[in-house]
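Please put together the full structure from these sequences, using the hints given.
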Amino acid sequence: MIEDSSQQGNLGKFYGVGIGPGDPTYLTVKAVQVFTNLVDVIFTVSGPKTETSVSESVVRSLPFRGKIVPLVFSMSRNSEERQLQVVHNAGIVRDMLKQGLNCAFATLGDTMTYSTFGYILKFLKQTLPDLQTEIIPGITSFATLSAHSQTVLVEDREQLRIIPAFKADMVDSIEFPPSSTTVLMKTYKSRDALIQRLLHEPGVSIVYGERLGMEDEFITSDPQEILKRPETYLSLMMVKKS
Numbered sequence: 012m013i014e015d016s017s018q019q020g021n022l023g024k025f026y027g028v029g030i031g032p033g034d035p036t037y038l039t040v041k042a043v044q045v046f047t048n049l050v051d052v053i054f055t056v057s058g059p060k061t062e063t064s065v066s067e068s069v070v071r072s073l074p075f076r077g078k079i080v081p082l083v084f085s086m087s088r089n090s091e092e093r094q095l096q097v098v099h100n101a102g103i104v105r106d107m108l109k110q111g112l113n114c115a116f117a118t119l120g121d122t123m124t125y126s127t128f129g130y131i132l133k134f135l136k137q138t139l140p141d142l143q144t145e146i147i148p149g150i151t152s153f154a155t156l157s158a159h160s161q162t163v164l165v166e167d168r169e170q171l172r173i174i175p176a177f178k179a180d181m182v183d184s185i186e187f188p189p190s191s192t193t194v195l196m197k198t199y200k201s202r203d204a205l206i207q208r209l210l211h212e213p214g215v216s217i218v219y220g221e222r223l224g225m226e227d228e229f230i231t232s233d234p235q236e237i238l239k240r241p242e243t244y245l246s247l248m249m250v251k252k253s
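Per the working numbering, the very first residue in the sequence shown carries number 12; after that it's consecutive.
Rather than coming from a laboratory, the hints here were simulated on the basis of the structure.
In this text the structure is predicted, and so the values were computed from the model without any measurement.
The beta carbon of each residue, even a glycine, is placed where N, CA and C say it ideally should be.
Any given hint might turn out to be false.
[As the list claims (entries may be wrong)] Taking CB as the label site, the calculated pair distances span:
1. P140 with K78: 20 to 28 angstroms
2. R88 with T39: 27 to 35 angstroms
3. R76 with D167: 41 to 49 angstroms
4. V98 with P241: 27 to 35 angstroms
5. R93 with S232: 31 to 39 angstroms
6. Q94 with T144: 16 to 24 angstroms
7. S90 with F229: 29 to 37 angstroms
8. R88 with P140: 26 to 34 angstroms
9. Y244 with V98: 18 to 26 angstroms
10. P175 with G214: 19 to 27 angstroms
11. V80 with Q207: 38 to 46 angstroms
Here is the structure:
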């Protein structure tokens with residue numbers, strides 16, 4: 012755990028900023044205001060095997076204020092290892108805030124929807140109870156997939172279901188109720204097994220997307236086209252059941 016701070020001093024303010032799927036033009040006016048006028052430090056996110064950070068590239072597209080501090084987060088399936096990395100990074104953010112610096116955490120998608128930011132926020136609130144925070148929402152990946160594919164996400168009495176991640180051995184247990192749209196996030200390690208199942212599932216249609224809002228964006232509704240492609244981290248699938 013991060014050690015408690017008994018003497019807070021003049022804490023900086025902490026902003027959580029959702030930056031959307033990766034296209035800088037999808038930033039809200041408020042997000043741009045934070046990055047360009049309100050903070051001294053901007054934390055960006057990358058994985059241990061990632062050469063470039065999407066969140067950093069979005070921030071660098073702006074005349075941002077202050078400095079950028081990249082944070083590497085574990086992608087391990089080991090929950091203890093991921094937790095240790097979160098604690099380490101939260102400590103870095105905490106130390107900056109204790110110096111009186113206003114800080115922003117830039118996260119893909121929306122700040123409060125399956126976001127790394129939520130873990131950081133929890134630790135900071137525990138250890139800096141007087142911390143001022145402001146959270147700026149961002150456009151989710153599934154809203155982007157719906158818009159870019161021109162496929163209605165849900166309408167009338169349809170249900171929207173979000174499945175954050177799943178293993179290949181869970182594919183047969185996933186339910187697709189009638190009159191629903193199921194969004195499956197982070198499909199990169201189990202996508203093909205799911206596609207093979209859905210090929211035999213009556214009444215379903217699929218929309219699959221990769222790297223939404225970026226130059227190499229890919230979207231298709233053809234299962235065979237999906238199977239031809241290597242699995243990639245920044246991907247998701249929308250399954251509609253009539």
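Now for the hints, and whether the structure bears them out:
1. At about 27 angstroms, the CB distance of P140 to K78 agrees with the hint of 20 to 28 angstroms.
2. Taking 27 to 35 angstroms as the suggested C-beta distance range, the pair R88 and T39 conforms, at roughly 33 angstroms.
3. Checked against the given bound of 41 to 49 angstroms, the beta carbons of R76 and D167, roughly 45 angstroms apart, stay inside it.
4. Between V98 and P241 the Cβ separation comes to about 33 angstroms, which falls inside the hinted range of 27 to 35 angstroms.
5. For the pair R93 and S232, the beta carbons lie near 33 angstroms from each other, so the given range of 31 to 39 angstroms is met.
6. For the pair Q94 and T144, the beta carbons lie near 21 angstroms from each other, so the given range of 16 to 24 angstroms is met.
7. The hinted range of 29 to 37 angstroms is satisfied by S90 and F229, whose Cβ atoms lie roughly 31 angstroms apart.
8. At roughly 33 angstroms, the beta carbons of R88 and P140 sit within the given window of 26 to 34 angstroms.
9. The hinted window of 18 to 26 angstroms between Y244 and V98 holds, with their beta carbons roughly 23 angstroms apart.
10. Taking the beta carbon of each, P175 and G214 are about 24 angstroms apart, inside 19 to 27 angstroms as hinted.
11. In this structure the hint that V80 and Q207 lie 38 to 46 angstroms apart at CB holds, the actual value being about 43 angstroms.
No hint from the list above goes unmet by this structure.
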